[in-house]
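Visitor: Protein chains in written order, with our numbering: chain A, 87 to 441; chain B, 87 to 441.
It cannot be assumed that every hint is accurate.
It does not matter which identical chain is used: a pair holds within one copy or between any two.
Said to hold, decoys possible - List of simulated lysine to any residue pairs, SDA-like, C-alpha gap at most 20 Å:
#1 Lys352 / Leu341
#2 Lys152 / Arg407
#3 Lys429 / Tyr385
#4 Lys429 / Phe168
#5 Lys352 / Ala338
#6 Lys393 / Pro167
#7 Lys405 / Phe394
Worth flagging that the hints you see were computed from the coordinates, not collected in a lab. Bear in mind that the values here come from a model prediction, so they are computed numbers and not experimental data.
Protein chains: 2
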Amino acid sequence: MTKKHKSALSVKKGVKEVNSLNEKSVSKFKQIKKNTKSVEEYVNGIKNGEITVLSQAITLIESSKKEYFEKAQEIISECLPFSGNSVRIGITGVPGVGKSTFIETFGMHLLDKGKKIAVLAIDPSSERSGGSILGDKTRMEKLSAEKNAFIRPSPSAGSLGGVARKTAETIILCEAAGFDTIFIETVGVGQSETVVNSMVDFFMLLMLAGAGDELQGIKRGITEIADLIVINKADSDNIKNATRAQAEYQNALHLFPPSESGRNPKVVTASAENGSGISEIADLLEDYFLFTKKNNYFYERRSKQAKFRMYETINEELKNRFYSDKKISNKLKEFEQDVLAGKISPYAAAQILLN
Amino acid sequence: MTKKHKSALSVKKGVKEVNSLNEKSVSKFKQIKKNTKSVEEYVNGIKNGEITVLSQAITLIESSKKEYFEKAQEIISECLPFSGNSVRIGITGVPGVGKSTFIETFGMHLLDKGKKIAVLAIDPSSERSGGSILGDKTRMEKLSAEKNAFIRPSPSAGSLGGVARKTAETIILCEAAGFDTIFIETVGVGQSETVVNSMVDFFMLLMLAGAGDELQGIKRGITEIADLIVINKADSDNIKNATRAQAEYQNALHLFPPSESGRNPKVVTASAENGSGISEIADLLEDYFLFTKKNNYFYERRSKQAKFRMYETINEELKNRFYSDKKISNKLKEFEQDVLAGKISPYAAAQILLN
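Sequences and hints are given; from them, build the entire structure.
Guide: As structure tokens, then:
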């Protein structure tokens with residue numbers, strides 16, 4: 087970040103004392119109280135791979151307090167030049183498909199090969215459901231005990247856009263801390279998979295065999311953005327079904343246009359339980375990254391994503407500002423009713439609201 | 087439109103004399119010069135099903151002149167209560183798939199059954215390509231000679247959003263003029279099929295047999311919004327291939343989640359040349375509309391679309407206003423470069439531009 091950028095953001099130095107707290111933010115406060123390091127201390131700690139410092143900096147990113155937000159922005163911009171050296175892998179699938187177990191098994195395999203792994207999650211439902219589905223570290227017991235693995239639950243507050251921003255910024259810090267393989271986990275039921283797809287280099291869809299119905303919970307369109315479909319739980323009695331499902335999906339994918347990456351999506355079977363298929367998937371990923379770095383798609387995709395995030399952030403904020411305007415929000419429902427009743431055309435209604 | 091709406095739109099009565107014209111708009115002027123009818127004359131003419139008046143009113147919709155725009159808005163709002171009594175059918179497919187011939191054959195079949203047919207087109211490429219691909223009336227010679235058929239080329243000026251608005255407004259006028267079957271034709275290569283899908287009750291994808299490659303030109307995702315896939319040109323030597331393609335696609339569609347309509351998409355073969363499959367498609371459509379009107383999906387979809395168009399229009403206009411701001415557009419490229427060079431995070435750049 088140049089000086090021009092800094093002054094434009096009008097970043098305040100230092101973190102003010104937090105004197106007044108409501109009950110809800112007490113636990114947050116306990117976490118953040120320790121966060122009184124300077125920006126330089128944070129950045130150096132992160133660059134040295136100190137997990138505690140990394141964790142605290144991410145807590146700053148997740149905070150809704152203005153001064154923490156601004157401090158976080160400074161840390162991010164200092165870390166930016168040291169970020170990017172990783173592969174970012176999105177993983178989605180309905181609850182019950184075995185995402186955690188898969189990431190644990192796959193992660194342990196990658197650790198053995200000398201990788202450093204961060205597992206992040208995007209789960210906008212976590213707040214509503216009163217507890218993060220994806221946030222439970224105990225789900226990945228083995229992985230979370232490893233010093234080269236870092237697991238961070240989904241930020242629970244805010245809109246999908248907010249969660250997306252926080253996750254994208256967390257990726258930057260994790261990369262600056264030396265993590266070279268970043269998993270972004272999500273449940274593929276809402277819009278979150280589109281958001282995840284906008285920040286990863288590779289998108290993996292986990293599925294179960296079972297002739298069609300397994301997709302019931304998955305939004306249309308996910309299969310089309312997947313770089314790899316893994317039929318999980320392909321073990322014991324299930325192997326035959328899984329192999330049949332693999333053939334069916336592989337066949338169905340043939341009917342879609344070729345992927346922009348130059349590598350068409352594959353369908354494989356795997357068992358996170360007994361480890362079958364895991365090393366094949368690792369090889370497949372390695373091959374994909376080699377190939378797409380060579381044909382430049384890897385870098386083009388990242389550039390596109392960065393631009394997309396800039397424009398998307400602007401567009402979202404423009405909408406927020408408009409719709410949160412008191413005068414507008416009062417009129418909005420009224421016009422919506424008039425449009426639905428056919429009293430006014432949608433375009434005329436929009437025009438009046440805009441004026 | 088209530089009085090409140092009218093005064094808010096501050097509609098000017100009457101059409102001013104057009105005194106100064108640049109060369110380019112001369113031909114437009116010739117068309118519009120005849121359009122000096124009053125709003126009431128337009129509305130009555132349309133309601134009487136007078137094709138010439140309908141055509142002239144659509145020309146007003148397509149005009150970029152403020153006074154014509156405002157007059158058009160008045161006509162639309164007067165026609166609104168008489169609109170809606172139709173089925174709106176979207177048709178897409180790559181160039182060469184035979185859309186025109188199909189619409190002609192299918193349209194003649196529907197005319198025989200007593201329907202009144204309007205064929206509109208959304209083709210944002212028509213301006214760039216120097217002539218509308220879809221605009222050529224001579225493509226549908228038989229249909230355009232029929233008094234119960236109305237064919238209107240794509241409005242050639244403006245953005246996709248603008249073309250969408252004009253088409254949606256043209257639908258209203260056509261319905262008020264008594265057309266009960268509206269076709270919206272588009273080439274499925276850009277974003278236009280999403281726009282079409284937002285204004286039709288049924289979406290039809292035309293394809294050719296030929297094992298996979300036929301989808302090359304079609305954007306990913308189109309197959310997922312189709313209510314019906316027609317394998318066209320299923321005649322003479324091609325019947326076997328078409329039947330095989332039908333089975334393959336039908337099989338592939340099984341792997342997707344069920345459609346919200348309650349009727350899962352079907353794949354059929356047809357020949358616009360020899361008429362095979364045409365009456366089956368007509369039956370299929372009739373059944374679909376009966377079914378979705380009974381389960382209310384038909385009406386819910388239209389309500390959703392109307393709301394979507396209101397919000398979409400607002401959101402598009404918010405973006406237009408922001409990005410067309412001189413100060414912003416000067417800075418934008420600069421920040422884009424900084425984001426791509428990794429000098430600043432996309433979120434920080436967005437924040438600065440917004441401030």
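Visitor: Would you mind marking each hint as holding or not holding in the structure?
Guide: Hints, one by one, checked against the model:
1. For the homomeric pair Lys352 and Leu341, the shortest alpha-carbon distances inside one copy (13 Å) and between copies (16 Å) are both at most 20 Å.
2. In this assembly of identical chains, the alpha carbons of Lys152 and Arg407 lie at most 20 Å apart only when taken from the same copy (18 Å versus 28 Å across copies).
3. Taking the shortest Cα distances, Lys429 and Tyr385 sit within 20 Å of each other only across copies (16 Å), while inside one copy they are farther apart (50 Å).
4. Taking CA atoms no more than 20 Å apart as the test, Lys429 paired with Phe168 passes between copies only; the shortest distance there is 11 Å, against 57 Å inside one copy.
5. Proximity of Lys352 and Ala338 under a CA criterion of 20 Å is satisfied in both settings, with 11 Å inside one chain copy and 15 Å between copies.
6. In this assembly of identical chains, Lys393 and Pro167 lie within 20 Å of each other by CA distance solely inside one copy; the values are 17 Å within and 44 Å between copies.
7. Taking the shortest Cα distances, Lys405 and Phe394 sit within 20 Å of each other both inside one copy (16 Å) and across copies (14 Å).
Violated hints for the displayed structure: none, as all numbered hints are satisfied.
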